[in-house]
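Peer 1: Quick note, in this note's numbering, the sequence shown goes up one by one and the last residue is 191.
Simulated from the structure, these hints should not be mistaken for lab results.
Note that this is a predicted model, so its numbers are computed, not measured.
Just so it is clear, CB atoms sit at the ideal spot from N, CA and C, and this is done for glycine as well.
Be a bit skeptical, because a hint or two may be false.
To be verified - Restraint ranges, calculated between C-beta atoms of paired labels, are given here:
id, residue 1, residue 2, range
1, A53, A113, 17 to 27 Å
2, V173, P149, 43 to 53 Å
3, A148, V173, 12 to 22 Å
4, A179, G150, 34 to 44 Å
5, P136, R31, 38 to 48 Å
6, D32, P142, 36 to 46 Å
7, V173, T118, 25 to 35 Å
Claimed, not checked - In silico EDC-like cross-links for lysine to aspartate or glutamate, where the CA-CA straight-line distance does not exceed 16 Å:
id, residue 1, residue 2
8, K127, E138
9, K127, E159
10, K127, E112
11, K127, E50
12, K176, E50
13, K127, D67
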Amino acid sequence: MRGVLFLLLSAVTAFAVRAQERDLLRLIDSEVRFTSVAPLETIAAACPRGSGLIDRADRTFAVQLPVVDFMGFNAPLQREHFQENYMSVADWPHATFTGRIIEAIDLQTPGTHAVRAKGVLTIRGQPVERVIPCRVEVAPGGVSVSASFEVPVADHGIRIPRVVQQKVAAVVQVEARLSFAP
10 MRGVLFLLLS AVTAFAVRAQ ERDLLRLIDS EVRFTSVAPL ETIAAACPRG
60 SGLIDRADRT FAVQLPVVDF MGFNAPLQRE HFQENYMSVA DWPHATFTGR
110 IIEAIDLQTP GTHAVRAKGV LTIRGQPVER VIPCRVEVAP GGVSVSASFE
160 VPVADHGIRI PRVVQQKVAA VVQVEARLSF AP
């Protein structure tokens, strides 16, 4: 019995030490914007907050945005339609991107790097594998990431009714700025 207890205690201790050794950075500041440019209307909104982590040792990451926090629409009704008709926030309150930085960069040595983030972008409950070009700036206080990419809304199960196809773009432009620190 002592042997089993010793093995269990050793395993728990090893797991705790390994978790403490992980070099995780938390998302401390973010802004993610999208712009829909259609023939009759341009719609833009931004989400000023999110949550996320980067593991510097294995270059993996996870970022989550509360969809309900997107602000800046042309009118309150646009925001309501975005949340209820297109994003269905009651069913899918968050958008996520999880994955890994492809290039073998050192996320502890200061410098600026052009990299690709490969992962799964989940919007409206629809996961889509993506490779997104990013600019990563490593500084003594943390890591900043910026990216600009397009998202075809149909990839995530978003249907645009014919009556508003001239007002809502089938492909939206996304700009992200994320800052991580210990």
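Peer 1: Work down the list of hints and note, for each, if the structure agrees.
Peer 2: Against the structure, the hints come out as follows:
no.: 1; hint: A53 <-> A113: 17 to 27 Å; verdict: 36 Å, violated
no.: 2; hint: V173 <-> P149: 43 to 53 Å; verdict: 48 Å, holds
no.: 3; hint: A148 <-> V173: 12 to 22 Å; verdict: 43 Å, violated
no.: 4; hint: A179 <-> G150: 34 to 44 Å; verdict: 40 Å, holds
no.: 5; hint: P136 <-> R31: 38 to 48 Å; verdict: 25 Å, violated
no.: 6; hint: D32 <-> P142: 36 to 46 Å; verdict: 24 Å, violated
no.: 7; hint: V173 <-> T118: 25 to 35 Å; verdict: 49 Å, violated
no.: 8; hint: K127 <-> E138; verdict: 7 Å, holds
no.: 9; hint: K127 <-> E159; verdict: 15 Å, holds
no.: 10; hint: K127 <-> E112; verdict: 10 Å, holds
no.: 11; hint: K127 <-> E50; verdict: 32 Å, violated
no.: 12; hint: K176 <-> E50; verdict: 5 Å, holds
no.: 13; hint: K127 <-> D67; verdict: 13 Å, holds
In this structure, the hints that do not hold are numbers 1, 3, 5, 6, 7 and 11, in rising order.
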